[in-house]
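**Q** Those protein sequence lines, which keep their order, are chains A and B. Here my numbering is used: position 113 in the first sequence is 736, and no number is missing along the way. Here my numbering is used: position 45 in the second sequence is 46, and no number is missing along the way.
Hints listed in this document are in silico derivations from the structure and should not be mistaken for laboratory results. Heads up, some of the hints might be wrong.
[Said to hold, decoys possible] So the derived list for chain A, only partly shown, Cβ under 10 Å to chain B, looks like this:
#	residue
1	Asn652
2	Pro654
3	Asn681
4	Leu682
5	Asn684
6	Ser685
7	Ser702
8	Ile709
9	Gly750
10	Tyr751
11	Ile756
Since this is a predicted model, take the numbers as computed values, not measurements. Ideal Cβ positions, reconstructed from N, Cα and C, are used throughout, including at glycine.
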Amino acid sequence: MTRRARIKIIISILIIVLVGTLISMSLYNKPHTDVAKSSPNISLASKTLLDDFENDENLANSKYLEQIIQVSGTISELSVSKGKGIVTLGNKDSFGNIMCHLSAKENEKMTALEKGQSITIKGICTGYLMDVILVKCVIINQQ
Amino acid sequence: MKSLHILLCCFLFSALMNGQEKFLTKQGFTSFFSSSPVEDIKADNNQVLSIIDTSTGAIAISILMKSFMFEKSLMQEHFNENYVESDKYPKAIFKGQIANFKNLGNDEQLVSIHGDITIHGVTKKIETQAKIVRTEENISLTGTFPITVADFKIKIPSVVINNIAETVAVTFELDHTPYKK
Numbered sequence: 624m625t626r627r628a629r630i631k632i633i634i635s636i637l638i639i640v641l642v643g644t645l646i647s648m649s650l651y652n653k654p655h656t657d658v659a660k661s662s663p664n665i666s667l668a669s670k671t672l673l674d675d676f677e678n679d680e681n682l683a684n685s686k687y688l689e690q691i692i693q694v695s696g697t698i699s700e701l702s703v704s705k706g707k708g709i710v711t712l713g714n715k716d717s718f719g720n721i722m723c724h725l726s727a728k729e730n731e732k733m734t735a736l737e738k739g740q741s742i743t744i745k746g747i748c749t750g751y752l753m754d755v756i757l758v759k760c761v762i763i764n765q766q
Numbered sequence: 002m003k004s005l006h007i008l009l010c011c012f013l014f015s016a017l018m019n020g021q022e023k024f025l026t027k028q029g030f031t032s033f034f035s036s037s038p039v040e041d042i043k044a045d046n047n048q049v050l051s052i053i054d055t056s057t058g059a060i061a062i063s064i065l066m067k068s069f070m071f072e073k074s075l076m077q078e079h080f081n082e083n084y085v086e087s088d089k090y091p092k093a094i095f096k097g098q099i100a101n102f103k104n105l106g107n108d109e110q111l112v113s114i115h116g117d118i119t120i121h122g123v124t125k126k127i128e129t130q131a132k133i134v135r136t137e138e139n140i141s142l143t144g145t146f147p148i149t150v151a152d153f154k155i156k157i158p159s160v161v162i163n164n165i166a167e168t169v170a171v172t173f174e175l176d177h178t179p180y181k182k
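Next up, chain A with everything else stripped away, as it sits in the complex:
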């Protein structure tokens, strides 16, 4: 093998290793879904979402889990837990509600909200306990 050919082989191996490392690094550091910049997979009323979970949790899980959901409803409760805002959508008569845990950036908008207001919120659904839970929520609009 000539010296030239040997150098060529070494360089191509180096390039392959480098590209491989870069690809695995970018995979490893893949960012979380940015809810604010993503368009929702599903848009619906808070009551429809809650009814679906109350009627058949397994079916609703397969439909909604890990999806970006845009939900419209009435604010029944506003609370703060560990410095993070939580907007609850529902009405006083229902047992369950939709609990929207706001993303850190959205916290400051909490002060402008009040109970009884209509609102549209976008977030990722993680499941159903007593309430349907959305995390990383972003406020779309309020009336």
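On the provided structure of chain A, position chain B as indicated by the hints.
**A** Only chain B this time, still in chain A's reference frame:
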């Protein structure tokens, strides 16, 4: 799994019937921490549901697996898809008893909690110590306990066996308030 859900639902509805005696939180915190020579992995969950029946000292906790938030999205993906299979087993559940609950004073003290924990469809008996502060308006429970990953039939591929600890530390902070409807 299904009967556990039914049990939990019964518990929730009985909680509704006599609201005075139940304390609950919907924003409980739990996290787990895995430390290995290769990397540390931590995930937080701020959507824990925990209910205490103050007439008996019984406690029921439900946790959504998909609510665990990791620093790296790839870790979160692997955790949900490969390890705990959260599509198949969306919840972790604990049902147990706080020992000597009736005789608790208002001061912070240590209590023993024992019961059954279900993760990844596998149920194990567990006993742990927790710090409890009980007042008229609040019951707070904090503590930490170890969980052995293999106990719950969670398979870690050999490629990443060095990245994940065999035993992870689970921490919880549950701040219950009286249930009012």
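**Q** Are the hints correct? Go through all of them and say.
**A** Verification of the supplied hints:
no.	hint	result
1	Asn652	7 Å, holds
2	Pro654	6 Å, holds
3	Asn681	9 Å, holds
4	Leu682	13 Å, violated
5	Asn684	6 Å, holds
6	Ser685	8 Å, holds
7	Ser702	8 Å, holds
8	Ile709	7 Å, holds
9	Gly750	4 Å, holds
10	Tyr751	8 Å, holds
11	Ile756	5 Å, holds
Hint 4 alone, counting from the list given before, is not met by this structure.
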